[in-house]
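Construct the entire structure; sequences and hints are all you get.
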Amino acid sequence: MENLLVAENIYKRFGNFTALNNVSINIPKQSIFGLLGPNGAGKTTLLRIINQITMPDEGKVYLDGRALHPNDVAHIGYLPEERGLYKSMKVGEQALYLARLKGLSKSEAKERLRYWFKKFEMEGWWNKKIQELSKGMAQKVQFVITVLHRPKLLIFDEPFSGFDPVNANLIKDEILQLKEEGATILFSTHRMESVEELCDYIALIHRSNKLLDGKVSEIKKEYKSNTYEVGIDADDETSLHRDLENRFAIAPAKFKSIQDDLKLTIKLKDNETSNDLLRYLMPRARVNHFVEVIPSVNDIFIKTVTQNA
Amino acid sequence: MRNLRLIINREYLARVRNKTFIIMTFLSPLIFVGMIILIAYLSMLNSTEQKIIGIYDESEIFVAEFKDAEQVQYLDYSKKSLAEARKEVLENEYFGLIHISELDKETGKPEVEFLGKDSPGFGTVENIEKTISDKLTRDQLIAKGIDISEIDKAKASIDVEIQNFSGEQSSKMSNYIKMFFGGAAGYLLMMFIIIYGNMVMRSVIEEKTNRIIEIIVSSVKPFQLLLGKVLGTSLAGITQFTVWIILGTVLLLGVSSFLGIDPAQAQTPASAAINGAAQPEINQLVIDIMKLPYASLLSFFVIYFLGGYFLYSAIYAAIGAAVDSETDTQQFMFPIILPLILGIYVGFFSVVENPHGTVSTIFSIIPLTSPIVMLMRIPFGVPWWEIAISISILIATNFGVLWISAKIYRVGILMYGKKPTYKELFKWLKY
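If you're matching them up, the sequences are chains A and B in order. With positions in the first sequence counted from 1, the corresponding number in the working numbering is that position plus 1. With positions in the second sequence counted from 1, the corresponding number in the working numbering is that position plus 710.
Heads up, a few of these hints could be off.
Claimed, not checked - No farther apart than 20 Å at their CA atoms in a straight line, the calculated lysine to aspartate or glutamate pairs in the EDC-like style are these:
(1) B:Lys1129 <-> A:Glu83
(2) B:Lys1140 <-> A:Asp58
(3) A:Lys136 <-> B:Glu916
(4) A:Lys130 <-> B:Glu916
(5) B:Lys931 <-> A:Asp58
(6) B:Lys729 <-> A:Glu83
(7) A:Lys88 <-> B:Glu794
Note that these hints are calculated values from the structure, not bench results.
See the structure below:
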């Protein structure tokens, strides 16, 4: 798949502190790309470099196959982690100003703003000052401003932090819809639930280094440990348990089921498959529950970060 | 360029729509004119009030020397006793009582006391001293057998007529006028720099604390934002200045026609007191005021205002970017205020003393003080090449300072938390 954005071997130092150490990422077109990492890992610095707010010491960024150019700001929409607007400026005027800075004409910006204001039910806000709005309302305005110029690449720094659950959901749905409409989305977060739900690709940055990147499904395949979660019923559970213990590496498991059965996680050897396990279990017990244990992004995140600590 | 225009536009509107700005713009000329009227009224009040001063002269040598004048009347109490004199002055609420003792045998001088509820003004005291010492001097000269009339004849009054080499005459007063105009221009410039520099700084801090800065710099270069901010604010300054000039002129004309004063005849009390013989000098004064090179004064004011304003507001912007809140700016304000104050001091002491002396000349070339000092010197006539050097250095410094400020600004606007030290600011230049 073609990449919309490529960052190659980015280095950035602030004095003696290295914020990014040889970080490269590739973001395929029309995908949602999650940039993960603990606080202070260098995520925001990388986003700022892509936004041309900060210049990298070394390395190059390409958008659509061409080296990033100052005019490309018109193709990028950025919602920074620390959000804010001019407090004493009117909502409409402010949105127009910021949209025009991104290259929209006045009439174009006005028309699109009307559409979004209607969609988000904020029609009455045009002449209100930001300081008269609640925080959640201001965040809606901010989101509209970010997407108004229909950028190819949308960058959200911690998009769900600070949004109340209702607005967070609204934003999530909008992100998914924007992707459907052809936008590519890059967002940084340390909240794993949203990654699980939204991301097609991820990159993990820890202490200025990229530890891991790729397609979420492939990373999960790589990190799975050939472990299965089973719920089984047998006449003599204690002897079955003993047999299993001798044959496999097992551990007690917890999951919800209506059966009062034996719940275990069973780790297979590398050369064994799920069929081998089933073949072993079927003559000995009734199999009520059989699931491969797939690591969550959270597990992968914690595992990778602690490994490299 | 399109974005720069958008930014200038926004910054200009943000300043001009500000309530304080509107109030200041329209109220200041009113306050200014009101003050002038108040001062004129008060001084009129003051001068119509007649002071009554009693004199108790033990030797009765001096009492005849105190002549009643428009503002003061003297009452002779020498025939009565001191206690009586005191009582009467107190009861009638007169301004005070001058007590002159007998002449001292050894020194030949009397002791003089002034008794009063309020302490007398400087002028009053000086007048008393002069009257007594003049009389005493004359008496002593006569006692030594010197003919007073000969001395009076020998006294010469010299009036220096000032002419420049092109033969234009000017009065002594004209130097005061030049001082006044130069001083006013320099002072106004300093006020403008401080007020508008602060506006720029506050606006930078506002964007930083509002956190909108990151959104804006994702659309435009920080330098563009800095430039747009400084330019937009300067336009607001020019707007305010223009409104002041127009409103001030209209108000002054309105008030003077209302009070029935012909501006050409408006004179200071001092000059009003001068009798007909001095009339040519007053005419000369009016001519001098008319003759001041207003066009060049105004254009140099605009040039130095812009040069000085850009220089200082770039520094103000860098300071705004370096800190998180206005309270943190204090430690950085000193280096800004210092040269401004220095410029004013050099202007009011050195330039007034010697407009073309070494100190004045040097400070009118150093870019941080040149706008103020040079403006004060210009009414006295400065060679064109000195102005050219001063302006060129000012412009060159502007570029240098803008470059440094832009670097600090670029890093500072994205830095939050700890208040930076000068050392850290220096490091930012290399980021």
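Could you check the structure against the hints above and give me the numbers of any it violates, in ascending order? The structure breaks hints 6 and 7; every other hint is satisfied.
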